[in-house]
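Chains as they are written, first to last, in this note's numbering: chain A, 6 to 324; chain B, 6 to 324.
Careful: at least some of the hints might be erroneous.
Since the list gives no way to pick one copy over another, a pair counts as held whenever it fits inside one copy or between any two copies.
What the hints assert, rightly or not - In silico EDC-like cross-links for lysine to aspartate or glutamate, where the CA-CA straight-line distance does not exceed 20 Å:
hint	residue 1	residue 2
1	Lys168	Glu321
2	Lys7	Asp104
3	Lys168	Glu243
4	Lys187	Glu141
5	Lys187	Asp62
6	Lys168	Asp111
7	Lys187	Asp296
8	Lys168	Glu282
9	Lys7	Glu92
10	Lys187	Asp65
11	Lys168	Glu96
12	Lys168	Glu92
13	Lys168	Glu94
14	Lys7	Asp310
15	Lys7	Glu96
16	Lys187	Asp104
17	Lys168	Asp65
Bear in mind the hints are in silico, worked out from the structure with no lab data behind them.
2 protein chains.
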Amino acid sequence: MKIIVTGGAGFLGSRLIRALLARGASIPGLPAFDAIVSVDLAPCPVQDARVSSVVGDIADPALLARVVTADTAAIYHLAAVVSGQAEAEFEVGMRVNLDGTRALLDAARATGAAPRFVFASSLAVFGGPMPAVVPEDLALLPQSSYGAQKAIGELLVNDYARKGFVDGRVCRLPTIVVRPGKPNAAASSFASGIIREPLGGQPANCPVPQETRMWLSSPNAVIDNLLHAIAVDGARLEGRRTLNLPGISVTVADMLASLERVGGAAARALVSHEHEERIARIVCSWPGDFDVSRPLALGFTRDGDFDSVVRQYRDEFAG
Amino acid sequence: MKIIVTGGAGFLGSRLIRALLARGASIPGLPAFDAIVSVDLAPCPVQDARVSSVVGDIADPALLARVVTADTAAIYHLAAVVSGQAEAEFEVGMRVNLDGTRALLDAARATGAAPRFVFASSLAVFGGPMPAVVPEDLALLPQSSYGAQKAIGELLVNDYARKGFVDGRVCRLPTIVVRPGKPNAAASSFASGIIREPLGGQPANCPVPQETRMWLSSPNAVIDNLLHAIAVDGARLEGRRTLNLPGISVTVADMLASLERVGGAAARALVSHEHEERIARIVCSWPGDFDVSRPLALGFTRDGDFDSVVRQYRDEFAG
């Protein structure tokens with residue numbers, strides 16, 4: 006049996022594949038597998054005999070029909086056009102984020118094996134007037150095409166699961182901080198940048214007000230939760246297959262205070278504060294805190310505090 | 006300028022077209038028009054020089070490109086595969102209800118004229134645990150593919166409107182009672198049947214428990230609200246373009262009591278009560294009452310009581 010990871014060449018996808026290889030056999034409920042297939046526009050960087058790469062377009066049904074075969078135990082669907090690009094290039098976002106998700110669900114359905122299917126969604130599905138702490142039953146009001154496409158994907162996964170076509174689970178990921186590497190086109194890219202660049206001695210700009218509250222998770226916490234998402238018993242989800250993954254709620258000012266505690270005042274001084282309305286409008290429409298009592302009761306976890314998130318990055322990438 | 010009505014051959018669509026012809030010029034805010042084009046699988050039955058019919062598939066982009074031209078002032082999108090059929094024939098529902106809606110939005114976008122766009126949605130977008138009175142910001146949890154497809158259509162209309170591609174409004178229609186003619190494949194078809202058949206001297210079955218609470222509207226009230234939906238100033242919607250149209254909240258027992266008051270005890274006695282789980286499971290997942298303070302403040306209206314709904318049918322169709 007195999008596990009398919011779309012977006013397996015990306016930061017999160019390749020990290021998930023490494024975690025599956027290292028810990029998969031020990032996770033209760035995770036289907037037994039002897040192969041992992043990455044589907045992405047680039048090859049997966051993980052070097053392991055059990056990992057193979059299919060390079061191509063996630064929205065291509067013919068490609069998916071070749072990859073998603075009856076021996077598929079589980080699918081992680083992480084591939085997406087990020088928020089900034091989906092807003093700037095509407096058709097590209099619709100094709101990859103909507104058509105791609107649907108094509109993958111159809112391919113999974115066609116196997117007849119109802120594989121487990123974990124869909125990575127986003128807090129960008131929320132928007133408009135919101136209480137300080139977002140309850141699980143708040144209506145979605147996306148303020149970006151990315152958010153709308155993710156909300157549509159959630160509905161598709163839930164309906165395909167209700168019909169028995171897949172054993173679906175939707176994980177709304179917090180903003181993942183700190184991502185290594187270069188800035189990307191996500192509206193949230195700055196949230197990693199204002200930690201990563203100063204720790205590397207480089208300047209970074211914070212385009213949103215310092216009082217902006219964000220819902221964050223370290224890469225390690227998200228990976229732990231993605232592994233758990235596939236392991237949790239579907240019957241315990243009681244037909245509500247969309248979960249707000251636990252995160253920590255911090256303001257940008259809190260983040261910069263952590264940067265200073267971990268990296269020193271000189272690092273903090275490298276952050277400038279030029280407001281960028283295009284970014285702020287999107288990011289400030291996202292909720293900054295959630296009631297996650299149900300996912301916590303289901304065994305999902307979160308980081309202890311933001312200092313530990315900064316140290317996680319420093320120890321792995323800036324050491 | 007023209008107005009396009011998809012589903013213009015149907016009961017609601019043809020009734021809307023007659024109302025537009027009779028009252029359109031007098032509705033403040035409604036764009037001036039000299040033609041109405043019906044798009045449906047059958048020709049529109051309305052005989053009027055201003056009405057033309059395009060017979061074809063709503064999900065065919067080439068057909069839509071011919072119909073949806075730059076002189077389109079407004080589009081009513083009523084065409085859909087109903088709930089029972091969408092559940093039984095998954096691919097048909099996805100193609101018509103999802104692909105069709107998206108293709109129509111894309112055709113409207115391609116005109117560059119941002120026409121007004123009224124999308125008929127449904128209370129089938131709701132499901133799962135619900136308060137007795139559903140607030141406007143309750144999360145959607147559809148329990149049918151029809152409901153999921155309508156919820157996806159709502160997200161599309163809102164995003165296309167946010168991007169300025171259309172001037173969109175989503176009307177979640179109550180269950181429309183009393184529909185004339187024959188039963189259809191909608192799970193709610195019985196709600197008209199238990200009034201219509203007895204008033205015509207025929208037996209009818211009620212497949213759900215009598216305490217089932219339903220959210221209902223007469224055809225006349227829905228038509229008034231669809232006309233108002235296109236007339237209301239978009240700025241007053243404050244980015245929340247999805248509206249629960251006002252209805253009245255009655256139990257099936259209330260409906261049968263109205264039938265007896267209007268049609269007599271003999272009519273009431275024609276209704277049998279054989280439970281049908283397939284129907285009950287869908288209908289009982291729908292909410293029976295809504296907080297509609299915002300739509301009422303925006304000028305939408307509703308029936309006075311269910312007796313008047315029964316009399317409306319009797320006077321027009323059973324007289």
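Intra/inter-copy verdict for Lys187 and Asp62 if alpha-carbon distance must be at most 20 Å: neither (23 Å within a copy, 47 Å between copies)
Identical-chain pair category, Lys168 with Asp65, by Cα at 20 Å: For Lys168 and Asp65, neither the intra-copy (23 Å) nor the inter-copy (27 Å) Cα distance is at most 20 Å.
Homo-oligomer pair classification [Asp65, Lys187; C-alpha up to 20 Å]: Answer is neither: 28 Å inside a copy and 43 Å across each miss the 20 Å cutoff.
Within, between, both or neither, where Lys187 and Glu141 count as close if Cα-Cα is 20 Å or less: Classified as neither: same-chain Cα gap 33 Å, cross-chain 41 Å, threshold 20 Å.
Intra/inter-copy verdict for Lys7 and Asp104 if alpha-carbon distance must be at most 20 Å: So Lys7 and Asp104 fail the 20 Å test inside a copy (23 Å) and across (32 Å) alike.
Homo-oligomer pair classification [Asp104, Lys187; C-alpha up to 20 Å]: neither (28 Å within a copy, 37 Å between copies)
Alpha-carbon proximity context of Lys187 and Asp296, limit 20 Å: Answer is neither: 32 Å inside a copy and 48 Å across each miss the 20 Å cutoff.
Up to 20 Å CA-CA - Glu94 versus Lys168, copy category: The answer is between: 12 Å across copies meets 20 Å, while 33 Å in one copy does not.
20 Å Cα threshold - placement of Asp310 relative to Lys7: Neither. Shortest intra-copy (35 Å) and inter-copy (59 Å) distances fail the 20 Å Cα cut-off.
Alpha-carbon proximity between Lys168 and Glu321, which holds within one copy, between copies, both or neither at 20 Å: neither (43 Å within a copy, 41 Å between copies)
Copy assignment of Lys7 with Glu96, given that the CA separation must stay at most 20 Å: neither (32 Å within a copy, 27 Å between copies)
Alpha-carbon proximity between Lys168 and Glu96, which holds within one copy, between copies, both or neither at 20 Å: between (29 Å within a copy, 12 Å between copies)
Taken one by one, the earlier hints fail for this structure at numbers 1, 2, 4, 5, 7, 9, 10, 14, 15, 16, 17, listed in ascending order.
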